[in-house]
Amino acid sequence: MKKRVILFFALLLSLVTGMTAITSTTAHAATDNSLTKVEKKGTLVMGTSPDYPPYEFQATVHGKSQVVGMDVAVGKKIAKDLGVKLVVKSMSFDSLLVALQTGKVDMVISGMNPTPARKKSVDFSHTYYQGGYSIVINKNDKGIYKDKDSFVGKTIGAQTGSTMYNESKKQTSGTKVKGMTSVSDLILALQSHKIQGVAMEKPSAQAYVANNKELAAIPSNFDLSASDTSASVAFAKGSTALVNKANKSVDQIKQQNLVNKTYLPEAGKYLKTNTVNTSMWHYWKAFLTGIKYTLIITVCSVFFGFILGVILALARMGDGGVLRTGLRWLATAYVEFIRGTPMMVQVMFVYFGLGLIVNLPALTSGIIAISLNSGAYVAEYIRGGINSVDSGQTEAARSLGMSGGATMRYVVLPQALKNIWPSLGNEFITLIKDSSIVSIIGVSELIFQSNIVRSDTYRGVAPIAVIMVLYFILTFTASRILNYFERRMQHD
Amino acid sequence: MTKPIIEVKNLAKSFGKNDVLKDITEQVNPGQVIVVIGPSGGGKSTFLRCLNLLETPTSGEVDFDGQNLTTLDTKKVNELREEMGMVFQGFNLFPNMTVLENIKLAPMKVKHLDDAAATKLAHELLSQVNLDDHADAFPSSLSGGQAQRVAIARALAMNPKVMLFDEPTSALDPEMVGEVLSVMQELANQGMTMVVVTHEMGFAKSVADKVWFMADGYIQENNTPEEFFSNPQTDRAKDFLSKILM
Ligand SMILES: Nc1ncnc2c1ncn2[C@@H]1O[C@H](COP(=O)(O)OP(=O)(O)OP(=O)(O)O)[C@@H](O)[C@H]1O
Ligand SMILES: [Mg+2]
Numbered sequence: 001m002k003k004r005v006i007l008f009f010a011l012l013l014s015l016v017t018g019m020t021a022i023t024s025t026t027a028h029a030a031t032d033n034s035l036t037k038v039e040k041k042g043t044l045v046m047g048t049s050p051d052y053p054p055y056e057f058q059a060t061v062h063g064k065s066q067v068v069g070m071d072v073a074v075g076k077k078i079a080k081d082l083g084v085k086l087v088v089k090s091m092s093f094d095s096l097l098v099a100l101q102t103g104k105v106d107m108v109i110s111g112m113n114p115t116p117a118r119k120k121s122v123d124f125s126h127t128y129y130q131g132g133y134s135i136v137i138n139k140n141d142k143g144i145y146k147d148k149d150s151f152v153g154k155t156i157g158a159q160t161g162s163t164m165y166n167e168s169k170k171q172t173s174g175t176k177v178k179g180m181t182s183v184s185d186l187i188l189a190l191q192s193h194k195i196q197g198v199a200m201e202k203p204s205a206q207a208y209v210a211n212n213k214e215l216a217a218i219p220s221n222f223d224l225s226a227s228d229t230s231a232s233v234a235f236a237k238g239s240t241a242l243v244n245k246a247n248k249s250v251d252q253i254k255q256q257n258l259v260n261k262t263y264l265p266e267a268g269k270y271l272k273t274n275t276v277n278t279s280m281w282h283y284w285k286a287f288l289t290g291i292k293y294t295l296i297i298t299v300c301s302v303f304f305g306f307i308l309g310v311i312l313a314l315a316r317m318g319d320g321g322v323l324r325t326g327l328r329w330l331a332t333a334y335v336e337f338i339r340g341t342p343m344m345v346q347v348m349f350v351y352f353g354l355g356l357i358v359n360l361p362a363l364t365s366g367i368i369a370i371s372l373n374s375g376a377y378v379a380e381y382i383r384g385g386i387n388s389v390d391s392g393q394t395e396a397a398r399s400l401g402m403s404g405g406a407t408m409r410y411v412v413l414p415q416a417l418k419n420i421w422p423s424l425g426n427e428f429i430t431l432i433k434d435s436s437i438v439s440i441i442g443v444s445e446l447i448f449q450s451n452i453v454r455s456d457t458y459r460g461v462a463p464i465a466v467i468m469v470l471y472f473i474l475t476f477t478a479s480r481i482l483n484y485f486e487r488r489m490q491h492d
Numbered sequence: 493m494t495k496p497i498i499e500v501k502n503l504a505k506s507f508g509k510n511d512v513l514k515d516i517t518e519q520v521n522p523g524q525v526i527v528v529i530g531p532s533g534g535g536k537s538t539f540l541r542c543l544n545l546l547e548t549p550t551s552g553e554v555d556f557d558g559q560n561l562t563t564l565d566t567k568k569v570n571e572l573r574e575e576m577g578m579v580f581q582g583f584n585l586f587p588n589m590t591v592l593e594n595i596k597l598a599p600m601k602v603k604h605l606d607d608a609a610a611t612k613l614a615h616e617l618l619s620q621v622n623l624d625d626h627a628d629a630f631p632s633s634l635s636g637g638q639a640q641r642v643a644i645a646r647a648l649a650m651n652p653k654v655m656l657f658d659e660p661t662s663a664l665d666p667e668m669v670g671e672v673l674s675v676m677q678e679l680a681n682q683g684m685t686m687v688v689v690t691h692e693m694g695f696a697k698s699v700a701d702k703v704w705f706m707a708d709g710y711i712q713e714n715n716t717p718e719e720f721f722s723n724p725q726t727d728r729a730k731d732f733l734s735k736i737l738m
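Those sequence lines, one after another, are chains L and F.
Quick note on numbering: the first sequence equals residues 1 to 492 in our numbering.
Quick note on numbering: the second sequence equals residues 493 to 738 in our numbering.
The shape of chain F in the complex, shown without the other chains (with noise of 0.2 Å):
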């Protein structure tokens, strides 16, 4: 049996009286893509940020390639961030920087690349999410499809072992969910441990290995999508399919 990459024991979270994440112990096997659904102010957001301690649990414990990050020092931290990339809802570009620099930025900085180096790979990436042609372009003049893309490539750039990704496509115009999810569904493929969090149903049907439906601060069904989509137990996740599915 392979040892878990990701590991949630007892996680809880508060906002001052506000209890958004109650006590969550899962975990996420190499290779494994979780989708994580759920109606609106479930805590899903706030789940995903704490796997890499964007935000501080306020309980329990995240342990990530067998270590616990909320006992390291910042410094270990950022390091281990480095592995997980994210994605968000808002693309959250580097407005002032191309979109090359975008994506060399961190690699040179933290990771100490040469300029030549952070190019030659920053292109590899744009090939791979077939945006080369925009290098130079500003994320300004993106459109939507096109800057989650940038951003997906920006976070593959530190070479992550896992991505997280916070509804990726929720911000987009429809006709451009797809050349996102595509993107997405190629990095399942080649085998990137992947926890999405996401209202894409059809992706969860066809991609996700497991889905968590989350609800009240806790996970409240662990399934496969077969199972969960067609024989959810909990009347939560019915009341949600039902509204989600009409």
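Bound-form chain L, shown alone (with noise of 0.2 Å):
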């Protein structure tokens, strides 16, 4: 699964820097407009992947959770200097890079090492901060683990795509490397043995240990370049005059060594106020949003999917002619290649691939991606639906004058529709859970909720047993009011 995702990745990353150079070339030859397109709308979008404190977290502040940590800091800095307001998207570590070159944030600052490979793609502003890597262990191990050496037959685990999983590969032998996308679920892994050590950047460490009295950090002894242990702020190939800027900025964080003086005590009292209180009630806003937006993705999928279901099967049982051969030719190659693709994939495609072409919202792609991927399913229980009804139901109507499309309407798609409630029923259910899946995009539905409570309040397994229970009364309720218009549409 995660491998196929960073394939994914590359593969989008290659398809998407082929079409930007292409497009961008002659573009940006041109004219840098990078910084006044930023000024121009006022606002600095910031891409940022929040679990990993103390560079970025989600904290509640004054009842609500927001991305905070000494990134949002140093971005509010350029931010400022720049005289327009600071955006924060967030959205998982491997998607950063693709966000920011298909131009949904105007930069990304996740503790981002600018490493020569990342260089390639996009580019980066001097460095904010120096840090180093320590290696989280659990307390308990104190005596066993010395440093990166003394994991041989063990595995460490590091985030997916940084820095710290490929020095870790490269610089151990014998030890197995786990990547995952989240440090919470890396630290979850930790606590529950699954892995024995979790290599990360020095201030995070200290920040874990420092809110978890099961933990321990140990020095990583990694040989590292200078590029590799500092961090730096992304932007999008070519745009030198905002990289320009923004260097003023850093050059004055620096100076004043303000992540040192300033923002990374501000950043501890986030994490202080949130150790506090981690009771789930606590946090029932967050699950009741979950809720919130994993209903609303839901129910409009499944009603534009709907729709989309109806005019593919009519179009795929078309005949006669070149037009209604044609369409029925490219609906059935559609409900193919749909149903012939992992939904996550098609979830990921419409953010950042419609991305190139259009700037639509996270929740607007995830409603899209997922009706177009219902709508495929959705046509065949409705093609089969149709085939269901009696012939001899159409000949009746058409015997009575009603044209084709009458009689597909009044006679023969409601009967159809009725058969195949159950099924729709399912798929109605089915995209209760599995619209978990825009997540990825940084939707907040309940899925993404939940991490945010766990990486919140460090906590592992509570926030994902209350969605599980959130997620069964869900699906339960559904199919209670499902069953209850079964039973009514039999009385006939």
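The set of hints was computed from the structure by calculation and includes no laboratory data.
Errors might be hidden in some of the hints.
Unchecked claim - Derived list of chain L stretches under chain F, where covered just means 3 residues or more per stretch with a C-beta under 8 Å from a C-beta of chain F: (1) 392-401; (2) 414-421.
Said to hold, decoys possible - Selected chain L positions facing chain F (in silico; Cβ < 10 Å): (3) Gly326; (4) Ala406; (5) Arg409; (6) Tyr410; (7) Val411.
Glycine included, every Cβ here is placed at the ideal spot set by N, Cα and C.
Mind docking these for me? Both chains are given alone in their own frames, and the hints should help you get the complex.
Here it is as structure tokens:
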């Protein structure tokens, strides 16, 4: 699963770089409008993966969950110096660079190291922070592990796509390296002894240790170049004007030692307030938001998916004439293609791929992608339903002078729908569960919210248990309601 | 001499290599009742379905009211189908609608009658087939005889000039055949033009103006019922009659 995602991202990234290369060689050779664009919109959109305290993490501020941390402070400073407003967009670390290249965000600040590989696809500012790596272990193991070389035959975890992940692979031998998207998952894996250590940046390690008495940090002793331990702001390739401007802010931050003097202590404060109340009740609002978005996505997707499904089913059953045959061919190809590719890939493609043409918000992208997906499945149910209606029904309607369209609409479809109601109901319930996939593009549905609560509270299992129950309540209620309507339709 | 309402000229229909109708030229005059009889698989249903273009003829033409249906566009064909009611062996009532809704659907959706007018019409027709007390029943609760009478009322609701019947009583229990036939007889008495495929020889004898004997893709005989039953011309017809009149 993870591997497939990475593979896909690599593919998407090369695709996107290819496309932007084609479209932008002419554009940015002439002018670099990166700076004027930001100034014109009045906002600077920062992409970040908020599960990496103290760099960036979710905290409840005045009862509202928001992204805080030293990176956010850096972003604020850059925005302020530009005279624009900072907007923070959360997404998984994997998605950040794609988001940058597809224009979803103007810059990425996420404890990102300016490695040579990354420099090929994006531009970096000067370094705003020079860190180092630690390995977080269970406190009980403190005697056993000293540094990266003590994990022979054991497993070290690191955030997928991060520098630590690559270095852990390169610089250890006989040690397995496990990649996960979020650091909170890694900590959970550590505490449940699936892995023995988590490699992460020193400040993050300190934050985790400070907030969890079960954990301890040891030096990593990785052999690292400066670029591997420093954090920089990433910008889209060719946005020199914006980078230069940001460098002025970054230089000031370095000069005045703002990170150590102001940003880190501030972030620490949030970390403290965060651990006070970790009861799940305290986060009912976050879960409620999750339920709200899960339902919005599901209901909208079922609605649009159904409409699309009817259209596709009718197109697939068309016959005669070049146009109808062409449409049938297209609809068939569409259905086969959608059913033959993972929904996760489709979600990412709509968000990032279509994002090259129109800038769609994550929620809209998610609804579009899931509707497109669901439509293909619904089309097949409907086609089956239509075929299950006796041909005598059509003949009777046509013999009464009804047109083909009217026959379909008033006679065949109502009966077809009745026949396939249970399948459609199943599709709805499946979508309640599958809509969780849009969490990868940062839509605040249940899974995404539970991840926030997890990184917020440092509690790994409780939020998962909560959403499990919530999902069950949703699907169970939905299936009861659907059964009720099914029974009501049985009278004839 | 009156102008025929249906004229069939050199009609042929094949399904792949199966030539079901080979060469049929006949006509139906207004007010006539034609009974089509013949052995199973002889193409009677196919013939009837070619008359209202539920089946597209392979060659030849079907003229209705002076218009050649085979050359008309879909919209025009739809309009002319309103004028030809059809009743099927299997009733084909819409199971998800009440009796009343079954009858109201086409007048409302095709003729754009308003609900009140359609309801009034439906009740009148139901009274005509003695089923007004079943207006709100669903088809699944009706007996076969009742269902077929509703189907007749539904076809009549479009005020057709011709009624086509494809073995309307073959799917019924024997005790229900009578109630359907008497509705059809009533209709014939009112002067309705009818083409009826049936195995009910009694009905053919007493109601038909003409009997068409159909076998092997041709109308083999076209005669008055008296002539046909007492004096069949072809061996095919003699053989058929000897079998069913046993
Ligand atoms: N849609 C179709 N596709 C292919 N063959 C068909 C189709 N409809 C009818 N046939 C064939 O045409 C022939 C005549 O069928 P038709 O139903 O017209 O006969 P029939 O005289 O009505 O017989 P019955 O008394 O059994 O109703 C049969 O051999 C049948 O298999
Ligand atoms: Mg037949």
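Item to check | Hints violated by the structure (listed by number, smallest first) | outcome: 3
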